Amino acid sequence: MLKILKSGLQTTVQDLGRTGFQKYGVIASGAMDPYAHRLANLLVGNNEQAAALEITLAGPVIEFTEDVLIALCGGDLSPQLDGEAVGTWRTLAVAKGSTLTFGEPRIGARCYLAIAGGIDVPAVMGSRSTYLRARIGGFQGRALEKGDELPIGDATQQQKALQQHGENDFDWQLAPARYFEEPVIRMMPGRQFNLFDEDSKKRIFSEAYTVSANSDRMGYRLEGSGLALKTPAELISEAVAFGSVQVPADGNPIVLLADRQTTGGYPKIGQVASVDLPLISQLKQGQQLRFKEISVADAQQRWIEQEQSIHRIKAAIQLKWEEWT
Amino acid sequence: MNISFSPLGDQAIVIELGNEINEQTEQQIRKVAALLESRQPEWMTEFVPAFVTVSVFYDPCLALYDKVKIELERLLAHLGEDIPAESRTVEIPVCYGGKFGPDLEFVAQHNKLTPREVIDIHTAGNYSVHMIGFAPGFPFIGGMSEKIAAPRRDSPRIRIPERTVGIAGMQTGVYPIETPGGWQLIGKTPLRLFRPENDPPTLLQAGDKVIFKEISEDDYHAWEEDPDAENP
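From first to last, the protein sequence lines stand for chains A and B. Using this note's numbering, you'd call the opening residue of the first sequence number 99 and step up by one each time. Using this note's numbering, you'd call the opening residue of the second sequence number 17 and step up by one each time.
The set of hints was computed from the structure by calculation and includes no laboratory data. The structure presented is a predicted model; accordingly, all values stated were derived computationally and were not measured. It cannot be assumed that every hint is accurate.
Residues from chain A shown here face chain B by an in silico Cβ test under 10 Å; the list is partial [claimed, not checked]:
#, residue
1, Ile-234
2, Ser-335
3, Ala-337
4, Gly-368
5, Ala-371
6, Gln-406
Note that CB positions come from ideal geometry on N, CA and C, so glycine has one too.
One chain only, chain B, in its complex shape:
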């Protein structure tokens, strides 16, 4: 495997593990993240895994770029020996359409489907979380069927309510906090994705498998009473 390093300024280094998003690169990213998590080099301040890179932030007073690079190379030499980390599966209940999913109709029409068919396809997918970014706990989820792909909105909404489920291109995701955004909104989950009082502070983490499960509006409201519960 080809690993390359390059600086991200004077306090970070980027480890590049591939140049396209695929299963193998994703596995490598998971392994690098697990390795950094367990070894915690003293000069490391934090690391941020993404689709094909892991960026490592460090204190240049403890190690300069060349030293960090050499130590990471040494560390990553052990990469192949590790057994891939077992991934968790997290079920996300979603109440589709209606006031929670104002763009469900659009996604259906765009793909010449009925809203029912969009829901069936969305809940049937095998999803995994590629990366957390954009907002706290916002998962970039891959694995959605192209049958329900839909373009971003021409002009982003100023305010998208927290916990809304959306589609943009081939990706699906959930907005953990209220933000502006351009995704097509198809439903809402009663589960809280961002939990600042917990460690880790997010429901989902990179590498997790995700299942979307349809729930009724009544179930939604019952569940919302306890948004941290795995089951209502």
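Looking at chain A on its own, in the form it has when it is part of the complex:
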């Protein structure tokens, strides 16, 4: 069991999201940084879809009431086990009674805590992700609070064998994902790109935009030089996607993220390449980003390369596990 001694800013149970229900207005949810989430699961021998904790900026205090295998991937929120700094992007054996705490967020905004066996909350519509607004999924449909006790799913024989190892036995770490202070985000022109005036079409790919305070799992509101349509247009609502960049009447773009609504009526100036979504999700309020144009074909190629790389990482982890057991 995981015992929450302090809640932190916003800690939620997330998997890779709810698929197939957007046509009913049910949002996808899921990890904001799916790459880090997947790798954390692979490092503890889980299926990459297993439910993990998404920890935001100020982390929680968690006590482990049994021997467990964990991995922390994503932003570096200065994690400590029983007061000792602990490594990220690696497999860790944690003894019963240990306490995990977090300190200053150094790089990135979100860290994923995966645990062998996964967080064992009931699946709702095929997913364990927390849907805060509808109060379903995750742990009782809400962010974690002090006193919550989260059940852990059954570990496999191999996971159980590894749990018996000491904390420092796994002298092997994955290359951490690189998050940047001022990232360049690759973006495809959006469905309504050509409705924008010439000036806006140039500026979106040349100027810096700042993440505003009004940013959360639903979307990041960016501030910069305002963007405008050639002529005002009333659009008919249609589906949006993870990474759609909408521009409402005030001219400030909004990047839609994991908890986006299923449909929207604002013109979309762009669509962030899926491989670059983690770079945005890991930004903190006040940080800047720039957009760089990429074609759909290139963005798909990058995605396929990333999937191949994850496949290789998975194979490498399996080899290591065989070595360790």
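Given chain A's structure and the hints, the job is docking chain B onto it.
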């Protein structure tokens, strides 16, 4: 008919079936949705029908944009052959006015009607669900009389109780879960619209015909005891 395709990023494609909301386009959307539902191409992860578009999400590791487009074109060539799907009619009981519909008065005054007349017009309409979006199970319902149209509120309410019936412009709808919102609120239904434990998880689906039926506050409370029942 003119069908066009365009990418929605690297993992979705938008099928555009028209450029204005009308009966014919709506029929086409229903047919495309039914076709995708029955064929389930292996690269498809899900699809989202809207007013004039159907967006298809896919796994680029299984098919790239050009292949998805070609396969969809091939699939949609059969569109005309299908008989339009029969639509369901769902009756939604509503207790109008009072604490459930704080803006009924406003909608009446705005249209120089009495609250009674607003209720009579609202219950007499032939409605259909154009799209589900905004919130789980939230129906965008078309077909409301312009005699009871009313603008959105200047500043949205922070909290609208679940199952409240509202009007915005020429549209009427029901809030399935508690959310912020700017619609004018005229009543409340005891029926639960979002049913996460069911498949499908919503009472209404795009394409459904809808009838609003007035009920008394007593009936409302009796019905609320069993919010999934078709009849109290």
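These are the hints, each one checked on the structure:
no.: 1; hint: Ile-234; in the structure: holds (5 Å)
no.: 2; hint: Ser-335; in the structure: holds (6 Å)
no.: 3; hint: Ala-337; in the structure: holds (4 Å)
no.: 4; hint: Gly-368; in the structure: holds (9 Å)
no.: 5; hint: Ala-371; in the structure: holds (6 Å)
no.: 6; hint: Gln-406; in the structure: holds (9 Å)
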